[in-house]
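Q: So you can see what is in the structure, the chains are spelled out below.
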Amino acid sequence: MTFPLFTPAEDPGPSFVALLARLGMDRPGSDLGPATPQGLEGVAHGTTVLAIRFIDGVVMAGDRRATSGHLISHRSIEKVFPADSGSGVAIAGAAGPAMEMVRLFQLQLEHYEKVEGNPLSLEGKANQLTLMLRSHLPVALMGLPVVPLFAGYDQHQGRGRLFQFDITGGRYEEQDHAATGSGSLHATTVMKLRFSDGLDADSALDLAIEALFQAADEDSATGGPDMVRGIFPVLATITSSGFERLPDEDVASRTTGLLERLSGGAR
Amino acid sequence: MTVPMYVSPEQVMKDRADYARKGIARGRASVASTYKDGVLLCAENPSNTLRKVSEIYDRIGFMGVGKYNEFDQLRIAGVRHADLKGYSYSRADVDARWLANQYAQILGQYFTHEMKPLEVEMLIAEMGTEPDGDRLFHLLYDGTVMDTTTYVAIGGEADVIRERMETSWAAGADLQTVLGVAVGALAGPDRNLVSEDLEVAVLARDNGRRAFLRLEGEALAALLG
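Respectively, the protein sequence lines represent chains A and B.
Numbered according to the working numbering, the first sequence spans residues 3 to 269.
Numbered according to the working numbering, the second sequence spans residues 916 to 1140.
Simulated from the structure, these hints should not be mistaken for laboratory data.
Take every hint as true, because none was put in to throw you off.
Quick list of the computed label-pair ranges, beta carbon to beta carbon: (1) ASP178(A) to LEU1139(B): 42 to 48 Å; (2) GLU175(A) to GLU1081(B): 57 to 63 Å; (3) GLU1045(B) to SER17(A): 32 to 38 Å; (4) ASP1047(B) to ASP13(A): 35 to 41 Å; (5) THR1059(B) to GLY119(A): 27 to 33 Å; (6) ARG263(A) to ALA1137(B): 45 to 51 Å; (7) THR1059(B) to GLU176(A): 54 to 60 Å; (8) ARG231(A) to LEU1139(B): 48 to 54 Å; (9) ALA1136(B) to HIS158(A): 22 to 28 Å; (10) THR1044(B) to ALA254(A): 28 to 34 Å; (11) LEU133(A) to ARG1012(B): 34 to 40 Å; (12) GLU175(A) to ALA1085(B): 51 to 57 Å; (13) ALA1137(B) to ARG105(A): 34 to 40 Å.
Going by beta-carbon spacing under 7 Å, a handful of chain B positions derived as facing chain A: (14) ARG966; (15) GLU970; (16) ILE991; (17) ALA992; (18) VAL994; (19) ARG995; (20) HIS996; (21) ASP998; (22) TYR1002; (23) GLN1017.
Calculated from the model, a selection of chain A residues having no Cβ within reach of chain B, i.e. all distances over 10 Å: (24) ALA23; (25) THR132; (26) THR191; (27) LEU195; (28) PRO249.
By construction, the Cβ of each residue, glycine as well, lies at the ideal position given by its N, Cα and C atoms.
The following block holds chain A by itself, in its conformation from the complex (with noise of 0.2 Å):
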């Protein structure tokens, strides 16, 4: 590894996607021609992802299956992570390049930051995850598609923001709630009937916990909690103080309380 010394005019700048890209390491992939459908079935894919506006930031939840077909592949993988202190990201889509995305979104933000001296805007954010949907695009096309979440706490405007994206890299800012992946359909029904403006923290990750539960209840593909296990959905809120990702217990409690609630005939 050569040490990344440049000219004033093959300065990369503070991208470090520019950076692999000056000096070849960008990642393979759009080069690799059209994929036959046999040769994904064996390709994990994660599943919901949702996020919610509350009075003080964002909720992030995701839960923790991952399918090939119809195999569940993995019980317990993670789908929300923090993008930097700020901000999260959740993701839908194939597992494997969903994970290397937000492996380099992380350090794209941390490392704009370092050379920068300052972090990005919410919004210069968005666009670079917009970025990078772009240029997987052609590896999106041929069966691995990667569908984002972007959530973060907006200094500036002093309040928290919510991102939706597709393949093709269309980011749509939500006002109120947000889910993407398999179960996402019945997850937003949920939240489209529970949300009300000014939901404080609580009453916010119950209803992440609920829309997760009724996408598991109808999607194959989306994991329910899993008692036996201890297995229980991630759930992460972003306010003014920062990502901060909700510990198991307290998960497994207010899960338990809706189980409790549910099967006490509340409906």
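Position chain B against the provided structure of chain A, taking the given hints into account.
A: Only chain B this time, still in chain A's reference frame:
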């Protein structure tokens, strides 16, 4: 035909060293020191936009004195190198010793082969998981590397500052004590430095993955007492 005038290699090296030293001595000095819970980086720098102290990686910090554009270019190369290495291998594989060696190569290369040597002096600090893992790498304009586990002064009047540090520095002190010693040594007997004159950061063991933390404004003023 003109015969080129003979200049002995000793003279060439001496001239280059004098040139670099003069450039470095024009700027203000900086001090790095280990303390109980990490590493302190403290620079006399009235500007709060042109930084002398920066973050390189999770547990690695950077401090430069001399010509700003030269050490800043090296800083950015260091960030790039560390991020590339962490991306290709693992975050745990990025260490300050490797980085210091790379810097030494570049500085040495400039010193002997380029038109003019780089007018910079740099410090790479690495915080260990335990106090005895803390390392300070001190790099000179000609590529000389020195490593210590105590304290280092770089820049103009570094020798005087080092002597002042020596009288009051003790291993295992807390942050406030070490900061007081460093600021006192930078200021000398006739001056008083306040938080606006300083750029201070720490690599703190209790600060999570990215240990680098700037101490600014009220937090710094409170520590200075």
